[in-house]
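Student: One-letter residues, chain by chain:
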Amino acid sequence: EDKVVQSPLSLVVHEGDTVTLNCSYEVTNFRSLLWYKQEKKAPTFLFMLTSSGIEKKSGRLSSILDKKELFSILNITATQTGDSAIYLCAVEGGVRKTSGSRLTFGEGTQLTVNP
Amino acid sequence: DTEVTQTPKHLVMGMTNKKSLKCEQHMGHRAMYWYKQKAKKPPELMFVYSYEKLSINESVPSRFSPECPNSSLLNLHLHALQPEDSALYLCASSQVLGRRYGYTFGSGTRLTVV
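Read top to bottom, the protein sequences are chains X and H. Residues in the first sequence are numbered from 140 upward in steps of one, following the numbering used here. Residues in the second sequence are numbered from 13 upward in steps of one, following the numbering used here.
Since the hints were derived computationally from the structure, they do not count as laboratory data. The beta carbon of each residue, even a glycine, is placed where N, CA and C say it ideally should be. One thing to keep in mind: the hints can contain errors.
List time: in silico BS3-like cross-link candidates among lysine-lysine, alpha-carbon distance up to 25 Å [to be verified]:
hint: 1; chain 1: X; residue 1: Lys196; chain 2: X; residue 2: Lys206
hint: 2; chain 1: X; residue 1: Lys176; chain 2: H; residue 2: Lys50
hint: 3; chain 1: H; residue 1: Lys30; chain 2: X; residue 2: Lys206
hint: 4; chain 1: X; residue 1: Lys195; chain 2: X; residue 2: Lys142
hint: 5; chain 1: X; residue 1: Lys180; chain 2: H; residue 2: Lys31
hint: 6; chain 1: X; residue 1: Lys180; chain 2: H; residue 2: Lys53
hint: 7; chain 1: X; residue 1: Lys179; chain 2: H; residue 2: Lys65
hint: 8; chain 1: H; residue 1: Lys31; chain 2: H; residue 2: Lys65
hint: 9; chain 1: H; residue 1: Lys21; chain 2: X; residue 2: Lys176
hint: 10; chain 1: H; residue 1: Lys30; chain 2: H; residue 2: Lys65
hint: 11; chain 1: X; residue 1: Lys176; chain 2: X; residue 2: Lys195
hint: 12; chain 1: X; residue 1: Lys180; chain 2: X; residue 2: Lys206
Covered stretches of chain H, as calculated for chain X (at least 3 residues, CB under 8 Å) [what the hints assert, rightly or not]:
hint: 13; segment: 25–39
hint: 14; segment: 116–122
Restraint-style ranges between C-beta atoms, simulated for each label pair [to be verified]:
hint: 15; chain 1: X; residue 1: Lys206; chain 2: H; residue 2: Lys53; range: 23 to 29 Å
hint: 16; chain 1: H; residue 1: Pro81; chain 2: X; residue 2: Thr216; range: 44 to 50 Å
hint: 17; chain 1: X; residue 1: Ser223; chain 2: H; residue 2: Glu15; range: 35 to 41 Å
hint: 18; chain 1: H; residue 1: Lys30; chain 2: X; residue 2: Glu140; range: 29 to 35 Å
hint: 19; chain 1: X; residue 1: Val152; chain 2: H; residue 2: Ser74; range: 44 to 50 Å
This is chain X alone, in the form it adopts within the complex (with noise of 0.2 Å):
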C-alpha cells in the first residue's frame, strides 16, 4: 500500500521566518511528486517533482526531491501571512501509463504564519 507521510503536522511561525516541510514516501511504480497548497477549498497546484536533485522555485517557495532517500522537502522563505494553508506532498503512481493514475496524500501540515 502507497504510503506518504508529512512533518511537523502543525507549524506556527512569524511572519518573515523560513520553514522546511517534509514529505516521505513509500509507493510502487513512482512516478512524480507533487505539492499542493489548500486553504479553504480545492488544493492549489505548487509543484510536481519527477528528477532527483533538481530544485524547482516559484517566488519564495521551492522543493527538491530525493529519489533514494524517498522524500522532499518544500521551503518557503521570508513568509507571509497569506502563506497561512494546509500544505499536502502527494505522491503518484500507477498501474499502466495509459490508465491515468492515484495520488496518495500525506496528512498535511498546518501553516500558521502570525503577524
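Given chain X, work out where chain H should sit, using these hints.
Tutor: Relative to the frame of chain X, chain H by itself:
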C-alpha cells in the same frame, strides 16, 4: 480555460434521495478523478477515468456511481447515502501522459447527508 468546474457547490440530501454531482473541464485532459475529503483529512481517491473508461475504482460502495459521458464531463451519481458520506467531493483532471503540470482540482461540492 484552465479550470475544473464543479456543481453544485453545496448539497444537502436525505438518505433516500438520488442526486448527482457534476464536473466539467475544457483543458483537453483525458484523465478525470473523483476524490473524497473528510474534515481535517487529506483527499482520498475514489475513481479514475482514462479516455472516458473507468480505470481505477478504489473499492467504493455501489451507492456511489461514476459516469463519464464524454471527455469533458464527469458525473458522480449518489443514491441511498449515509450520514458518514458527508464530505467535500473533489473532481480533478490531468493529462494522461506527460503530466508536467500535475492535476487541476475543482473547488469541490460540500455534501451533507441528513
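Student: Each hint needs a verdict: does it hold in this structure or not?
Tutor: Verification of the supplied hints:
no.: 1; hint: Lys196/X x Lys206/X; in the structure: holds (18 Å)
no.: 2; hint: Lys176/X x Lys50/H; in the structure: holds (17 Å)
no.: 3; hint: Lys30/H x Lys206/X; in the structure: violated (45 Å)
no.: 4; hint: Lys195/X x Lys142/X; in the structure: holds (23 Å)
no.: 5; hint: Lys180/X x Lys31/H; in the structure: holds (21 Å)
no.: 6; hint: Lys180/X x Lys53/H; in the structure: holds (13 Å)
no.: 7; hint: Lys179/X x Lys65/H; in the structure: violated (31 Å)
no.: 8; hint: Lys31/H x Lys65/H; in the structure: holds (22 Å)
no.: 9; hint: Lys21/H x Lys176/X; in the structure: holds (20 Å)
no.: 10; hint: Lys30/H x Lys65/H; in the structure: holds (23 Å)
no.: 11; hint: Lys176/X x Lys195/X; in the structure: holds (16 Å)
no.: 12; hint: Lys180/X x Lys206/X; in the structure: violated (30 Å)
no.: 13; hint: 25–39; in the structure: violated (count 0)
no.: 14; hint: 116–122; in the structure: holds (count 5)
no.: 15; hint: Lys206/X x Lys53/H: 23 to 29 Å; in the structure: holds (27 Å)
no.: 16; hint: Pro81/H x Thr216/X: 44 to 50 Å; in the structure: holds (46 Å)
no.: 17; hint: Ser223/X x Glu15/H: 35 to 41 Å; in the structure: violated (24 Å)
no.: 18; hint: Lys30/H x Glu140/X: 29 to 35 Å; in the structure: holds (33 Å)
no.: 19; hint: Val152/X x Ser74/H: 44 to 50 Å; in the structure: holds (46 Å)
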